[in-house]
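Asker: Top to bottom, those sequences are chains B and D. According to the numbering used here, the first sequence holds residues 1 to 654 in order. According to the numbering used here, the second sequence holds residues 1 to 124 in order.
Since the hints were made in silico from the structure, they are not lab data. Keep in mind that this is a model prediction, so the values were computed, not measured. Be a bit skeptical, because a hint or two may be false.
Listed next, with one range per pair, are the computed distances between beta-carbon atoms [what the hints assert, rightly or not]:
id	chain 1	residue 1	chain 2	residue 2	range
1	B	Glu364	D	Leu119	37 to 47 Å
2	D	Lys3	B	Asp318	20 to 30 Å
3	D	Lys70	B	Glu313	29 to 39 Å
Heads up, the beta-carbon is just placed ideally off N, CA and C, and yes, glycines get one too.
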Amino acid sequence: MIIFKNALINLLGLSGESSDSMTYNKLTLSFTGYLSNFESEFLNDYYIKSLNPFRFALILAIFFYCGFALLDASTVPELKEIFWLIRFAVVLPVLLSVLAFTYFKSFRKYMQLSIAGVMFITGFGIIVMIILGARVSHYSYYAGLILIFIFGYTFAKARFIYASLAGWLIVIAYEISAIWISHTPITILINNNFFFISSNIIGMLAGYTLELSSRRDFYMRKLLELEQDKVKAVNSTLEKRVIERTRQLTNTNIKLKKEIEIRVRSEKQRSELETQLFQLKKIETIGTLAGGIAHDFNNILTPIIGYTDMALEEIPEDSNLRFDLEQINNAALRGKDLVQQILTFSREVNMEKKPVKIDQIVVEVINLVKASLPRSIEIRKSIDPGIGVILADPVHIHQIMMNLCTNAIHAMKNRGGVLDIKVDSVLVDQKTTMKINNLKVGIYVRIRLSDTGHGMDRRTKDRIFEPFFTSKEVGSGTGLGLSVVHGIVSNYNGAITVESTPGKGTSFTVFLPYNISDPVNEVKSLDQLPRGVEHILFVDDELDITFVGKKMLENLGYTVTTMTNSSEAFEEFKRNPGEYSLLVTDQTMPKMLGTELAGKMREINPDLKVIIITGYIDKLSEKTKSEAGSYEMILKPIKLSEFSKVIRKVLDEK
Amino acid sequence: MAKILIIDDDPSILTMLKRMLEKAGYEVDTASNGSEGLKKIESCPPDLLVTDIVMPEKEGLELICYLKGKNPELKIVAISGGGRFNYEGYLTGAKLLGADLIFQKPLVHKEFVQAVSDLINTDK
Chain B
1 MIIFKNALIN LLGLSGESSD SMTYNKLTLS FTGYLSNFES EFLNDYYIKS LNPFRFALIL
61 AIFFYCGFAL LDASTVPELK EIFWLIRFAV VLPVLLSVLA FTYFKSFRKY MQLSIAGVMF
121 ITGFGIIVMI ILGARVSHYS YYAGLILIFI FGYTFAKARF IYASLAGWLI VIAYEISAIW
181 ISHTPITILI NNNFFFISSN IIGMLAGYTL ELSSRRDFYM RKLLELEQDK VKAVNSTLEK
241 RVIERTRQLT NTNIKLKKEI EIRVRSEKQR SELETQLFQL KKIETIGTLA GGIAHDFNNI
301 LTPIIGYTDM ALEEIPEDSN LRFDLEQINN AALRGKDLVQ QILTFSREVN MEKKPVKIDQ
361 IVVEVINLVK ASLPRSIEIR KSIDPGIGVI LADPVHIHQI MMNLCTNAIH AMKNRGGVLD
421 IKVDSVLVDQ KTTMKINNLK VGIYVRIRLS DTGHGMDRRT KDRIFEPFFT SKEVGSGTGL
481 GLSVVHGIVS NYNGAITVES TPGKGTSFTV FLPYNISDPV NEVKSLDQLP RGVEHILFVD
541 DELDITFVGK KMLENLGYTV TTMTNSSEAF EEFKRNPGEY SLLVTDQTMP KMLGTELAGK
601 MREINPDLKV IIITGYIDKL SEKTKSEAGS YEMILKPIKL SEFSKVIRKV LDEK
Chain D
1 MAKILIIDDD PSILTMLKRM LEKAGYEVDT ASNGSEGLKK IESCPPDLLV TDIVMPEKEG
61 LELICYLKGK NPELKIVAIS GGGRFNYEGY LTGAKLLGAD LIFQKPLVHK EFVQAVSDLI
121 NTDK
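Same shape as in the complex, but just chain D (with noise of 0.2 Å):
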């Protein structure tokens, strides 16, 4: 069973997708900040990561940049509400980043499930 770390600020976005991932199959692991989310990752890596940007304690970006430096391989997919004042630019800059995916908030649920089913059953 694939293993997905969610991180979000937001409990109740946190608590939501941990439903949404968990009534599609997969093993899935919270953190509700950067830093929280990357002591997950190094204790126990998982196959797929699903991530906020704008966060306190180590955002997103800065998360993404670090994780993709460390393991390419790590599947990365970036959400955002967007920017406060930079609407498109956060999602921009995790696609440079490296993220694998990138979607708006709200999210559209079964487009969501379904780009990470695909992304998880894509052999790198």
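So that you can see chain B by itself, here it is in the shape it has in the complex (with noise of 0.2 Å):
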């Protein structure tokens, strides 16, 4: 049985392994389990396939069935009337009527029912005409029914099912009418019999397989539609990854990009910084060097003197010898002064500190300088109000205000130009200590002076405030003036910087700290500056800055509450909004800039005052730029008297 049916799956055609995993009712072919959701989309599928076809097999059929009429008239000439009565006014109107409706959408319902219909009428009218014929024994009309079965089971695309119900429905309609109503000869009957039956079992394997392979065909497709739409899914995918992955990529290329830069630019930083740090090391090496040779060379010194001056007292006064004498004591003499200039910049002097007005002695040694003036060279002096006074020695200030000038005036000697000398107060943060060594956050006096004179290439920049280090020429200078400077800058724990082009000029800028917590020193430093009540909110990321605006505010009379953070700051104001007359923040900070800190806390409260500490307004972005539009900018390092002159001012705006 089991190779039976084996071998009858092989003969139809329906091994393999996908038929395999193919299920269906082996009676009806209805796909089953899994497959029986497609069963609906198929049979759609099958009546598209097949109208036209079965339209086709309609009129093929039409002119069958109206041909044999010709057949009629040769074959039973005598019973042609009833025959072609059948044939025209019977079966081909139901032919004609069933190719109309094909054109209805309601025939996608009734395909099936009307095709096996078509093939009962059809079928019965042969069976009709084959009784008829038996009368006049006339029993060919039998091949007409097989024409029948081969219309039925393949042309006409019907089912397996209905066309297997049509067939038998057809054979059981002969055996009734050719038993019991024609009477037809045993011998004839089993004749006939032996070809319907056959002619239908063929017609019917021959269904099965068509359906079956259209089944099949279908089932392939939709595995195939399925694996494409998997492929399809993978590749969707695979392409949103990419892209994600391209995207992440560029940003990662982006960040990286900018991180280079930035390592490019600290690198710069830390190499200025080293030679800066060099450059300290060598000059307090020298310094400690110089320190020791002092002591030796001052022994050295005292017996020359002491033996030149006994000797001066004992020569006669007319000996030739007094003059040689004077001279080596003279030289002796200058040796001494030139030690103790040396050591003026490596001793821990001992400084008379009190309260210095550095505007005041900046105007007295312009005065001094102007004196001897060549035409050619013209000093202009800027001195911010509200200076105040700094705890420092006059001489130092005066002695480095006199270096430096003269230095200047110098370099100006033979072409002319002007010294431009720059007076006031700021506030130092920690992106401007980090490129000036040896400099504290805090409050500076920040003397700057720039010549137009010869200026300097970067060797000569770098050393020129080494002792013994000078760019004029023999015998018009020791080479210790700028060192002298720096000894003291240093002392006071401020710091000197040069800028300089090389045919375009130089400038010197000189910061000097303010003693803070001395209160005498800072309200005299302060008092001159406009001042207020309110309540500002103070935002800095730098924990320094926050300290010492604090302590400067609160100075100028104002109420100042700090915050690090910015969420922090945005959470304060959020929960008391009305308390704060004014926002002072840093624009760079993590998190949020200044600008977004500003725009959220002015959704809060429309008429915050507010003002931005910027480092750059060129690097600010356009969309930054056009928020900052509304808000008042302070470019660092900020200048008190500019500061608390703008604080003011947008306080009292209305």
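Assemble the dimeric complex from its two separately framed chains, guided by the hints.
Answerer: Given below as structure tokens:
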């Protein structure tokens, strides 16, 4: 039995892996199991594919059914009228109306039934003709039924189950009419049945195979579609991943570029700082060395000066040796002065600190220098009011100013030019201290001297604070001037920087710290600035700056709340939006930019006054710039006089 | 005649100062370090002591401290070319420890002799 089944399956071409996994009802051929969901889709698909072949089959059937009328006339002339009646009055109208019906929408639902009906009616027509023919001993019409089977099972595209039903109905109808109505002779009956049944069975097998292969095609197509969908899904996932990955890569690339930029910048900064540090160390080392040499040198000078002094006392006034001895003595005394100078920058100076009005000394020095100034050189000065006092030795400040002025004038001796002297007070933050060695965050007096002299190259610039280094011709200077200035400034915990372009000029900047812990000094330095009593929210990510800023603003009379974290600042503001009259914030902060913070706060309180502190206006993005347009901006380093004025101006605005 | 003892490790300075002060009319003895100087002071006390500070074997500051503790009446002049690392510290220190006069080397001859003579003539 199993062997037979397998043989049949092989015979019908149903073997193979794919059809094995196709589940269907062996009788009706409907999909079962997991495929049952596809049954209606298959039927629909089958309908669309069958519609035209069925119409063609119908037309062919009409053609043959009518064409055989000629046969009627020649083989059974006596019955031709009644046969023609069957053909043209019964079957033909049915076929034509079914053909018309195929053009209606509802045909979709009744197609299989219609095919089966057509098959049965045409078959039944033939049966009637066979029965009638038998009366005149004409038995050849049974072949017509075979044609019907061929049509029904194949061309007409009937589904197996419907075609079989129609086929067997025809056979049964024949049996009934042959046996009971026309009493067909037994040999003829047997003969016809042989043909009918066998052709019906063959038709069934053909129909079965055809429908199964249609279903298999459908199933394979479905599988293919599924696979294609999978591939498409995988493709689209892949594409998405590629896009995502590309985006990530692009971002990483941008980040990397930024990082490289930052690295390069910080590397440059580092190497500059290193150079500065190296210079400082060098100066310090030379200082220590000079201190040691000074001791021995003084011991050497002592007998030289002593003996020449004694010799000069004893020698007659008119001796030729007197001149020579005086020369020795003078040279030794010059040596003594030199040692004193060397020591100025190397020793820990015992400073007599007292409140010094920097602006006053600057003006004094300018007046002093002006007296001997060539006409080709002009001095311009701009001194901020409210510089106040710092604790220092006035002699030292004098020395610094004299030295820097003399150098500047020397640099412009031949060509003339302008010496620009600016004095102001600035708040130095961490970003500035990063660029200047030895400087701490705080408030400083800043003295800037810019000349339009010959300038200097980098090598010279790097060494100018070294003792004995001079760019002047031999005899013009000892090369100690700037090293002394450096020594003094360092002793005050200040800093001195130099910028120079060969041919364009040089500018020195001196930072001298205010002694902020000295209340008298503080008040004096700030009492000329505009004051107020409003509550200010001060936000900066640098803790040091918030300390200094708070102290400074409080000294001007304001109430100050400081924050180092922009988000926390915003939370604080949300809690007490009416509390603050003014927001002073740094622009560059992690988490939130100053302008963003201000924007969010203004949403809560549109009347909030805002001052943004920024390092470089140029560096702001266009978007930030337009945002910042509605805020007051202050450039770093913050100048106290400007800062206090802007605060007042912003607060007084309506 | 007033008696002066000079202590300095530099022989040329020692000879020079000896001659300078002898010329001014004082009786001068010398020692080339603190220990030697101390022995001489103990065996034959001077009216005035001129001492260097940076010396081997009992340096000046220690000597001044010791002598002033023992005899505050002793007049002491400290001289120095400056410290190797702390230039002004030694002389300031000497002053704090009781030196009556301090002089930075190189000495200005006339000033020095005048100051020494003034010091000898003051009564303690």
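Asker: Can the suggested window of 20 to 30 Å be confirmed for the beta-carbon pair Lys3/D and Asp318/B?
Answerer: Violated, at about 37 Å.
Asker: Take the C-beta atom of Glu364/B and the C-beta atom of Leu119/D, compute their distance, and say whether it sits inside 37 to 47 Å.
Answerer: With Cβ atoms ~40 Å apart, the hint holds.
Asker: Look at the Cβ atoms of Lys70/D and Glu313/B and judge whether their distance stays inside 29 to 39 Å.
Answerer: 37 Å, holds
The structure fails hint 2 only (numbered hints given earlier).
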